[in-house]
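For this one, chain Z is given, so just place chain U on it according to the hints.
This is what each chain is made of:
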Amino acid sequence: MNSQFTPGVVPKRLSTEDLSHNFDDLHAPLVVHEAAVAADRCYFCHDAPCVTACPTDIDIPLFIRQISTGTPEAAAKTIFGMNILGGMCARVCPTEDLCEQACVRELAEGKPVEIGRLQRFATDKLMKSGVHPFNRADPTGKCVAVVGAGPAGLSCAHRLALLGHDVTVYDARPKAGGLNEYGIAAYKSTDDFAAREVDWLMSIGGITIETGKALGDALSLDAISAEFDAVFIGVGLGGVNAMGIAGDDLAGVSDAVSFIEDLRQASDLSDLPVGRNVVVIGGGMTAVDAAVQSKLLGAEQVTIAYRRGREAMSASRYEQDLAASHGVKLMFNVKPNAVHGNGAAAEIELEYTQITDGKLIGTGETMRIAADQVFRAIGQTLTMDGGLALEGRKIAVTDAGRTSRDGVWAGGDCSSGGDDLTVTAVAEGRDAAMDIHATLTGDV
Amino acid sequence: MADLTTEFLGIKSPNPFWLASAPPTDKEYNVRRAFEAGWGGVVWKTLGSEGPPVVNVNGPRYGVVHGADRRVLGLNNIELITDRDLFVNLEEIKRVKADYPDRAIIVSLMVPCEEDAWKAILPLVEETGADGIELNFGCPHGMAERGMGAAVGQVPEYIEMVTRWCKQYYSKPVIVKLTPNITDICQPAAAAMRGGADAVSLINTINSIISVDLDQMAPVPTIAGKGSHGGYCGPAVKPIAMHMVSEIARSPETAGLPMSGIGGITTWRDAAEYIALGCGNVQVCTAAMTYGFKVVQEMISGLEQWMDEKGHMSIDDFMGSAIPNVVDWQHLDLNYVAKASINQDDCISCGRCYAACEDTSHQAIAMSADRKFSVIDAECVACNLCVEVCPVENCITMVEQQPGTTDPRTGKVVVDTYANWTTHPNNPSATAAE
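Line by line, the protein sequences are chains Z and U.
Per the numbering used here, residue 1 is the first one in the first sequence, and the count goes up by one each step.
Per the numbering used here, residue 1 is the first one in the second sequence, and the count goes up by one each step.
So that you can see chain U by itself, here it is in the shape it has in the complex:
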């Protein structure tokens, strides 16, 4: 039986599902409900410095990209850090942690880039008994205009500097939350490492304008006729986030740095994918904001079932298992040949594969007068477009061509030796095979 217990940076939680620093974790009331629902931990919504709290807009804060049946595919928000008093938050954190000692509570922080500001808040956080802190170097809206959030996360030197202060004035684990609004995610991750960070969490939200209201001619959400860019999250950002996670996992400078995966995790499968790419746990927000806290029960049961099926006893058993298989394009095997194959029994004759291939790809699907669709091997480059546009899962599959057979498209015999672009004769910079 799979055991979901996770120990991330020495912080134990009964499962790898934490709620990310966001609206769901802004208050004791919500966090208690989350723990009752089964969440393994929370990152408390970002605290700011002592003094008058920030104020939020009084108009709409969220906008959504909807899929079929108003399924939430992407969410954008312009909410700031907590707009509640620092000491109220700290007292609540202390109370909740005392009542839920087996759950992880991490405190997200965002104060000005001055040593005194950090020196002032860190002992207060330490006092709560929370398990660690997460530095919010990621929020791309609002706070960034004030020199915080993503404005810090975009300057590796600042990340390193602030992380160092935190390690100096705080005794427990320090997680640096990264902004994706940069070119190379490894730069801020490496800076966090240099500053002594115990881990990075990624990604924070992506700069976004979710939609334009064509009546008001203004971005959504619209406040008094104006809109501002927000931070994009939800299922739509998962591929972007997973790429960044994989880059940190395989970059020699940052490999091995513990990671907490964030970005569009909606089901157990999403979580498993992040963990396979090297994350020690995951953080969830949009799924909870869409479906409520109960959604974690599916994540737990699903991950358990899958781990049991695969024989994984613990999260560690498969953590990072996919990293070795993430390679640069130039190292992909150019001798591997596949062809699309359409299962006629499953085909419902919609013709989407034909339209896609005929109009936009390689004219490799034939259509008969009675709507039978078949692959023309002599044209098929195995691009996979037909597989992906087919409404029937697994009706079209990619079949590996066996060594010794001839690829009718190239006229070449398929070989079982590996060869990639670095040694390909068409590559002007080709080097001899090692």
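Next up, chain Z with everything else stripped away, as it sits in the complex:
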């Protein structure tokens, strides 16, 4: 048994009991009475700002009213009608930046209606019943390939299946779910929720998932375009940006997404090694997820080092506070210059930064802090474009998700436009499905 103070990157810093407690649900689900009280706070606004703020346009006042009148199943149907991954979104959406930020009660009293938790209450209730709320339309005889079984692909596949098309979903990984399965902090998706959600979603029928098949190798875009009536690409961003500094290749330096993935797939968290002094480079949700989970695994000191100021951080203030409340130190305006160590990382050298003439430059003042584990969380990149036209570093798409190639749509993190959020991916997958449907049925 190790402790928080054991040097190096080692497993078993905490007891199984502590780990299990640490990785329990971040927010306990609402019980019936709590949900009733929370729901009663909704004003049922006209043309509600929360709906406008929701990328999937869920009719939030309606579903909350359905909860308050004792019909959470109807509430869930309202949610799922717009967002079939409403269960996961209820857990991972940065509601503080979306619906709850727009809530008039946030403006009025700084305490929004707890929309996220209410959504979870309703969706959990319906999903637990094991009933799928929708029935497929009559078969259209059309078949569509969806590449990538993440939020965008699953959302697209479900909508297409609902409309009567047959869908084959390909995914490079052994499991479906994409970032829901591999890339979100464990305490946001407990009890194997991502996998259960995929199973539940699939129960609509008409969807086949083939895992272990990545676009490129055995699966060319030309081949599937020829085989299927339409193709949707939702492959996400498979690559991780490098830091490009000395020591980047030392043992103990790795990608935050890999760490999170290992953690999500670990059958026993006490087997997972973590450093005593962990430094996470980056300023997004991935950085926060990696930092907080390092702390929860038993790291003694965890630092997030971000090269710009707090206001520029893409992790929300809520996420920043979550990290801080777990004892993670947030450092702003510092950039990594080098990782030092003899074979394995021991220290990281950081340099203070400032903005001069709109450019971020080092001030020359440096410091070294102990770091036996360094995580890169400075963004992901598209690794597969299938020869499609790009916009910036992503696949260029229209509002309806059409790519430069006829018969091929794209959505989610791999495509241009929108925030890289689960909920945005769901909206894009759904909207592409509607456009594919309109195209295939000639109803354009």
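In case anyone wonders, no lab produced these hints; they're calculated from the structure.
Any given hint could turn out to be false.
[Said to hold, decoys possible] Pair by pair, the computed Cβ-Cβ distance ranges are:
| hint | chain 1 | residue 1 | chain 2 | residue 2 | range |
| --- | --- | --- | --- | --- | --- |
| 1 | Z | Asp249 | U | Asp346 | 51 to 61 Å |
| 2 | U | Asp346 | Z | Leu219 | 58 to 68 Å |
| 3 | Z | Gly327 | U | Asn343 | 49 to 59 Å |
| 4 | Z | Phe5 | U | Asp370 | 51 to 61 Å |
[As the list claims (entries may be wrong)] Facing chain U, from chain Z, some residues (calculated, C-beta under 10 Å):
| hint | residue |
| --- | --- |
| 5 | Leu26 |
| 6 | Pro29 |
| 7 | Val31 |
| 8 | Val37 |
| 9 | Asp40 |
| 10 | Phe44 |
| 11 | Cys45 |
| 12 | Arg65 |
| 13 | Thr71 |
| 14 | Glu73 |
| 15 | Gln101 |
| 16 | Arg105 |
What you are looking at is a predicted structure, and each value in this text was computed from that prediction instead of being measured.
Every residue, glycine too, gets a C-beta built ideally from N, C-alpha and C.
Quick look at chain U alone, frame taken from chain Z:
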């Protein structure tokens, strides 16, 4: 410093808050606890004639209309009068009164509509030393089927007759408790007056089915699959009760008749409103049944604070002050013009005012693309709906239009003269202004 001491029909109590005749006042144990908590008086739960007492159901007696967070808004009950022996009650009343001489104890009574029945019980009550009696002519459930309670209260002749017997065989004040389950509350009140009643208390509970159990397909509370109508009380009935109080206060026949106000009194403010409408004191039940006896402490401190703020030294200082301002609709000033006004600093942009006005009223609120809401004076009839549906108190207010300005809705200049429907040209029965 305000003095809450009340003298109602010559009966003194340290404050105007009495517990109404109901479950909280059924026993010595409860009443002692109530007095210790600070209640000014109690009306002891209704006694029946000597002999085997009534029996209650052994299933649920209460049902509730809940508001947010299970707040009790309305309560319905099917409990009967006391189901304890008459003499046990009488002994307890005597003991408690002896121990609390400064508190009011009124004995509620309900016996058959026969002179002998009243003649028999009244000396027994007199003997207890209680301060007065209240005739339960109000309970709408159970006892009414046996020709008592509301069955008496719905027949003015019976009220007059029984009241007269009571005044004949009992020396202390007689209060007649009225049922609201009638068309015109002034009729039974006037009958009580004719019979010699010292006061009326109102209202008793309202006939009600509180809810239907959709699984059992039966009214709530449900006893072995069946339900019966009950008596409705609690905050929900206060507006109905206050209307009846005001009718008695301003009817020429009954004006000046002392009243004890009952119906949904939950806070000091409710009590102040009843007193402003002419009640000499108030009786409380549901608030105590919901929160316990301690709730009276807020009622006392709140009423004291408000009276101090207003400079009222005693209850009498404001008793009945609102009565002159209760008028018939036809006497409302039709020349008074107001317009809604939305305070943009307070507005939280929920749009409820817009939805209410646009969908159900006068299309007098405009909504901009950036969710700014403003009143269209040319359409606003000052109905007040927006004020009431706005979640932010005082964000929308009604602003009186000054004489000399033009109402853009009617195109007419606002005048400061009073004019009402009786003289309005659109009224076919208009009479010349006096």
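Status of the hints after comparison with the structure:
Distance hint check for aspartate 249 of chain Z and aspartate 346 of chain U: the Cβ-Cβ separation is about 60 Å, which falls inside the suggested range of 51 to 61 Å. For the pair aspartate 346 of chain U and leucine 219 of chain Z, the beta carbons lie near 59 Å from each other, so the given range of 58 to 68 Å is met. At roughly 44 Å, the beta carbons of glycine 327 of chain Z and asparagine 343 of chain U sit outside the given window of 49 to 59 Å. Taken as a hint, the range 51 to 61 Å holds for the pair phenylalanine 5 of chain Z and aspartate 370 of chain U, whose Cβ atoms sit roughly 56 Å apart.
With a least beta-carbon distance of about 25 Å to chain U, the hint placing leucine 26 of chain Z at the interface is violated under the 10 Å criterion. Given the 10 Å rule on beta carbons, the hint for proline 29 of chain Z is violated: about 19 Å separates it from the nearest Cβ of chain U. The interface hint given for valine 31 of chain Z is violated, since its Cβ lies 14 Å from the closest Cβ of chain U, which is over the 10 Å cut-off. Because the smallest distance between the Cβ of valine 37 of chain Z and any Cβ of chain U comes to about 5 Å, under 10 Å, the interface hint for this residue holds.
A hinted interface residue such as aspartate 40 of chain Z counts as satisfied when its beta carbon comes closer than 10 Å to some beta carbon of chain U; here the least separation is about 4 Å, so the hint holds. With a cut of 10 Å, the hint placing phenylalanine 44 of chain Z at the interface with chain U holds, because the nearest CB-to-CB distance is about 7 Å. The criterion of a C-beta within 10 Å of any C-beta in chain U is met by cysteine 45 of chain Z, whose closest approach is roughly 4 Å, and the hint holds. The beta carbon of arginine 65 of chain Z is not positioned within 10 Å of any beta carbon in chain U (closest approach about 13 Å), and the interface hint is therefore violated.
Checking threonine 71 of chain Z against chain U by beta carbon gives a least distance of about 13 Å; that is not within 10 Å, so the hint is violated. Interface restraint check for glutamate 73 of chain Z: the shortest CB-CB distance to chain U comes to about 16 Å, outside 10 Å, so the restraint is violated. With a least beta-carbon distance of about 13 Å to chain U, the hint placing glutamine 101 of chain Z at the interface is violated under the 10 Å criterion. Here the hint on arginine 105 of chain Z is kept, as its CB sits about 7 Å from the closest CB of chain U, short of 10 Å.
Of the numbered hints stated above, those contradicted by the structure are hints 3, 5, 6, 7, 12, 13, 14, 15, listed in ascending order.
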